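There are 2 protein chains.
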Amino acid sequence: MARRSMRNQIVEAALEQFHTHGYNAAGVKTITDAAGVPKGSFYNHFDSKEALAVEALRHYREGRRDDLTGGDAEPLARLRAHFEGFRDDVVRLDYTRGCLIGNFGAEIADHSEVIRECVRESFQHWAETIAATIEEAQRAGAVRADLDPGTAARFLLNAWEGTLIRARADRSEEAFDAFFAIAFGPLLTAED
Amino acid sequence: MARRSMRNQIVEAALEQFHTHGYNAAGVKTITDAAGVPKGSFYNHFDSKEALAVEALRHYREGRRDDLTGGDAEPLARLRAHFEGFRDDVVRLDYTRGCLIGNFGAEIADHSEVIRECVRESFQHWAETIAATIEEAQRAGAVRADLDPGTAARFLLNAWEGTLIRARADRSEEAFDAFFAIAFGPLLTAED
Chain A
1 MARRSMRNQI VEAALEQFHT HGYNAAGVKT ITDAAGVPKG SFYNHFDSKE
51 ALAVEALRHY REGRRDDLTG GDAEPLARLR AHFEGFRDDV VRLDYTRGCL
101 IGNFGAEIAD HSEVIRECVR ESFQHWAETI AATIEEAQRA GAVRADLDPG
151 TAARFLLNAW EGTLIRARAD RSEEAFDAFF AIAFGPLLTA ED
Chain B
1 MARRSMRNQI VEAALEQFHT HGYNAAGVKT ITDAAGVPKG SFYNHFDSKE
51 ALAVEALRHY REGRRDDLTG GDAEPLARLR AHFEGFRDDV VRLDYTRGCL
101 IGNFGAEIAD HSEVIRECVR ESFQHWAETI AATIEEAQRA GAVRADLDPG
151 TAARFLLNAW EGTLIRARAD RSEEAFDAFF AIAFGPLLTA ED
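So the sequence lines, in the order shown, correspond to chains A and B. Going by full-length UniProt numbering, the first residue of the first sequence is number 1, and it counts up by one from there. Going by full-length UniProt numbering, the first residue of the second sequence is number 1, and it counts up by one from there.
With the rest of the complex left out, here is chain A (with noise of 0.2 Å):
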């Protein structure tokens, strides 16, 4: 119990570290410290830092809102609901952190093919589940019907993980501005 508890206390630190300074500026030393377990018990949990990196954004993919399945409301506005609280995350961080998954993609894929695996896979599943609402949203005629929902929910994360980017740039809401006229504009909604 003990064992698989401080596990734990060193993968949420390194995704909290991670996520605030990048995969090359958090050190294992720096993560330790912030989990509070000494430096030793590294490498009786994790094999390096990489494979804690794998872990910690797995934890990091649970723990994101699971808000797009299910509920009341309807597909197009809990689509749009999903990028909005994920944007008022970040602007309650001051502009800051985005998203690990494109934060290690942009960082580190090019260099760890396991970490690139789960990157890879990370974007995969979230496209598959806005695929899935913009199909929902499209049998229910708010959605323009020529979008194939595959390609249009792929584009649509890619612009987001863009947006990310460039509204932690400008430290403004510019960037979030144009990704809700456009997506929740002329690019998704039906014509009347």
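In case anyone wonders, no lab produced these hints; they're calculated from the structure. Given the structure is predicted, the values throughout are model-derived calculations rather than measurements. Fair warning: there could be bad hints in the mix.
A pair counts as met if it fits within one copy or between any two copies, since identical chains are not told apart.
Computed cross-link-like contacts, SDA-like style, restricted to lysine to any residue with a CA-CA straight-line distance of at most 25 Å [said to hold, decoys possible]:
no.: 1; residue 1: Lys-49; residue 2: His-59
no.: 2; residue 1: Lys-49; residue 2: Asp-88
no.: 3; residue 1: Lys-29; residue 2: Thr-96
no.: 4; residue 1: Lys-49; residue 2: Gln-124
With the hints as your guide, set chain B onto chain A.
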């Protein structure tokens, strides 16, 4: 003259190292080694690695293809060719590196005001050039008239930056295909 040239060698090596490995993974020693200059000479030319990163980013920005303005092609065709050329560069490098502006934005903009300002400025300039091209294409009747060129340009550039991250994570053309299918289909294109 020799001094100036050593400075240039360092900037060029830094650009290559930052683009390949990221900001934090590329140390000053790695950069001066790659430039073929003594490490000790670094601080004769730059106050900090941060100051060097700003210069490397400016150098990157200036070296990028300037194919959006002028030329004989129609504005919408120029815009498409602009992104296709960038895509081809990334595919040629086996889906690595992506865009240095976006990479710095994701990795380091939260932690360095001078780098964040340079990233912000680089995106802004790029988005303005795209906006001017979209406006030109609207006047030619090729892009739907209901789009605000500035908002559409910001959205498009952000979508592009996210597309680069996804393409690197997937090591496949799928993200690029979604970008071109949506951007140069339902998003921008005027109905006949």
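Structure-based check of each hint:
Taking CA atoms no more than 25 Å apart as the test, Lys-49 paired with His-59 passes inside one copy only; the shortest distance there is 15 Å, against 33 Å between copies. Taking the shortest Cα distances, Lys-49 and Asp-88 never come within 25 Å of each other, neither inside one copy (30 Å) nor across copies (33 Å). Taking CA atoms no more than 25 Å apart as the test, Lys-29 paired with Thr-96 passes inside one copy only; the shortest distance there is 23 Å, against 29 Å between copies. For the homomeric pair Lys-49 and Gln-124, the shortest alpha-carbon distance inside one copy (24 Å) is at most 25 Å, but the shortest distance between copies (36 Å) is not.
Hint 2 from the list above is the single one not met by this structure.
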